[in-house]
Amino acid sequence: MTKHSDRSRRQEPEHKKKLAKQRPEDRSGSPRLSTELLWTYGPGILYRCGPLLLGRWLVPQVIADALVEARRPVPASVIGALLLDTGATNTCISNRAANDLGLIPTRVQDGFGAGGRHRNPVYLARLEMTIADEKAQQTFGWEQEVQGIPDLEKHAPGVAMLGEERAVVGLLGRDILRHARFLYDGPAGSLSFTFEVASLQHAPSRL
Amino acid sequence: MTTAQFEALCREQEAFDVHLDDMMKTHSGEFVLFKDGEPVAFFRSYEEAYGSGITRFGLDQTFLVSEVKRREPQTTSWELGAI
Numbered sequence: 001m002t003k004h005s006d007r008s009r010r011q012e013p014e015h016k017k018k019l020a021k022q023r024p025e026d027r028s029g030s031p032r033l034s035t036e037l038l039w040t041y042g043p044g045i046l047y048r049c050g051p052l053l054l055g056r057w058l059v060p061q062v063i064a065d066a067l068v069e070a071r072r073p074v075p076a077s078v079i080g081a082l083l084l085d086t087g088a089t090n091t092c093i094s095n096r097a098a099n100d101l102g103l104i105p106t107r108v109q110d111g112f113g114a115g116g117r118h119r120n121p122v123y124l125a126r127l128e129m130t131i132a133d134e135k136a137q138q139t140f141g142w143e144q145e146v147q148g149i150p151d152l153e154k155h156a157p158g159v160a161m162l163g164e165e166r167a168v169v170g171l172l173g174r175d176i177l178r179h180a181r182f183l184y185d186g187p188a189g190s191l192s193f194t195f196e197v198a199s200l201q202h203a204p205s206r207l
Numbered sequence: 001m002t003t004a005q006f007e008a009l010c011r012e013q014e015a016f017d018v019h020l021d022d023m024m025k026t027h028s029g030e031f032v033l034f035k036d037g038e039p040v041a042f043f044r045s046y047e048e049a050y051g052s053g054i055t056r057f058g059l060d061q062t063f064l065v066s067e068v069k070r071r072e073p074q075t076t077s078w079e080l081g082a083i
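Line by line, the protein sequences give chains A and B. Under the numbering used here, residues 1 to 207 are what the first sequence spells out, in order. Under the numbering used here, residues 1 to 83 are what the second sequence spells out, in order.
These are calculated hints, taken from the structure and not from any lab test. For glycine and all other residues, C-beta sits at the position ideal for the given N, C-alpha and C. Just so you know, not all the hints are guaranteed correct.
To be verified - Quick list of simulated restraints, FRET-style, between CB atoms:
| id | chain 1 | residue 1 | chain 2 | residue 2 | range |
| --- | --- | --- | --- | --- | --- |
| 1 | A | R178 | B | D17 | 24 to 30 Å |
| 2 | B | A41 | A | R71 | 24 to 30 Å |
| 3 | A | H155 | B | A4 | 47 to 53 Å |
| 4 | A | D65 | B | A41 | 18 to 24 Å |
| 5 | A | R174 | B | T2 | 28 to 34 Å |
| 6 | A | Q138 | B | D21 | 43 to 49 Å |
| 7 | A | R71 | B | F57 | 14 to 20 Å |
| 8 | A | D65 | B | K69 | 24 to 30 Å |
| 9 | A | H155 | B | A8 | 23 to 29 Å |
Claimed, not checked - Just a few of them, taken from the derived set where beta-carbon distance is under 8 Å, the chain A residues facing chain B:
| id | residue |
| --- | --- |
| 10 | N90 |
| 11 | T106 |
| 12 | R107 |
| 13 | F140 |
| 14 | V197 |
Modelling step: build the complete structure from the supplied sequences, incorporating the hints.
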């Protein structure tokens with residue numbers, strides 16, 4: 001899978017035009033949409049793996065501060081693929097990623113998935129996503145409660161992103177997707193994705 | 001997270017659920033720190049409650065932090081691959 005902005009792609013001009021029409025402007029005239037990210041997976045990979053974006057999980061600031069104060073090492077961030085899941089109420093973290101960060105859950109949440117009802121741990125965690133093309137780069141961060149999902153990496157196939165094999169480390173749910181616009185192009189095997197900055201500023205994700 | 005930690009947290013969650021009706025009367029919308037089956041203190045933000053938990057019990061202890069509110073089960077559809 002490669003990240004690019006292929007200007008020659010057949011369906012892109014129409015899509016670009018559409019996005020440009022939708023793009024709101026604030027009073028200062030600066031665009032409210034983030035840089036548009038375009039991933040081209042290929043139709044087979046997009047079908048098999050689903051729409052994936054690169055993300056980074058980190059320990060929340062309150063934990064990082066406490067670890068530093070206790071002279072203990074702060075775990076390195078966990079980088080991996082996030083599966084866009086419009087069926088997920090809220091964003092989720094794989095239990096494996098949470099364990100790698102040394103997170104301890106703070107409550108339990110009942111959830112429904114295709115496997116039925118289950119009880120999952122809930123963690124406070126920080127998620128960062130960088131939206132970039134060859135011209136610009138923007139990083140967005142959320143520090144919030146996220147539901148832990150057992151064995152996510154075993155059931156959701158990982159994929160090579162930017163030259164490295166990446167496991168699926170989370171689900172990007174509607175709490176974050178409500179600030180995004182994306183186009184799933186099955187025939188082309190690509191995904192274009194933007195955040196609406198004004199929406200993020202107006203109604204940030206809540207705990 | 002170990003199995004023992006998760007089981008301990010499930011017990012805290014069950015105690016929270018038992019106390020929820022009472023807590024809703026006077027602390028709805030606040031954030032509670034819960035330990036050993038009892039509410040320890042209430043706070044105006046999640047960060048305050050979590051920070052207090054770490055200060056009181058340390059980084060490696062299990063304690064519950066939650067907004068005082070009723071929650072519905074959440075859905076995830078990833079096993080279906082649906083978007």
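A quick look at each hint next to the structure:
1. A/R178 to B/D17: 24 to 30 Å: 28 Å, holds
2. B/A41 to A/R71: 24 to 30 Å: 27 Å, holds
3. A/H155 to B/A4: 47 to 53 Å: Distance hint for A/H155, B/A4 is violated at roughly 25 Å.
4. A/D65 to B/A41: 18 to 24 Å: About 20 Å separates the Cβ atoms of A/D65 and B/A41, which means 18 to 24 Å holds.
5. A/R174 to B/T2: 28 to 34 Å: Once the Cβ atoms are compared, 31 Å apart, the range 28 to 34 Å for B/T2 and A/R174 holds.
6. A/Q138 to B/D21: 43 to 49 Å: 45 Å, holds
7. A/R71 to B/F57: 14 to 20 Å: 19 Å, holds
8. A/D65 to B/K69: 24 to 30 Å: 27 Å, holds
9. A/H155 to B/A8: 23 to 29 Å: This hint holds: roughly 27 Å between Cβ atoms.
10. N90: Given a least distance of 6 Å, the restraint on A/N90 holds.
11. T106: 4 Å, holds
12. R107: 5 Å, holds
13. F140: For A/F140, the interface hint is violated, since the closest Cβ of chain B sits about 19 Å away, which is over 8 Å.
14. V197: The hint is violated - A/V197 has no Cβ within 8 Å of chain B, the shortest such distance being about 23 Å.
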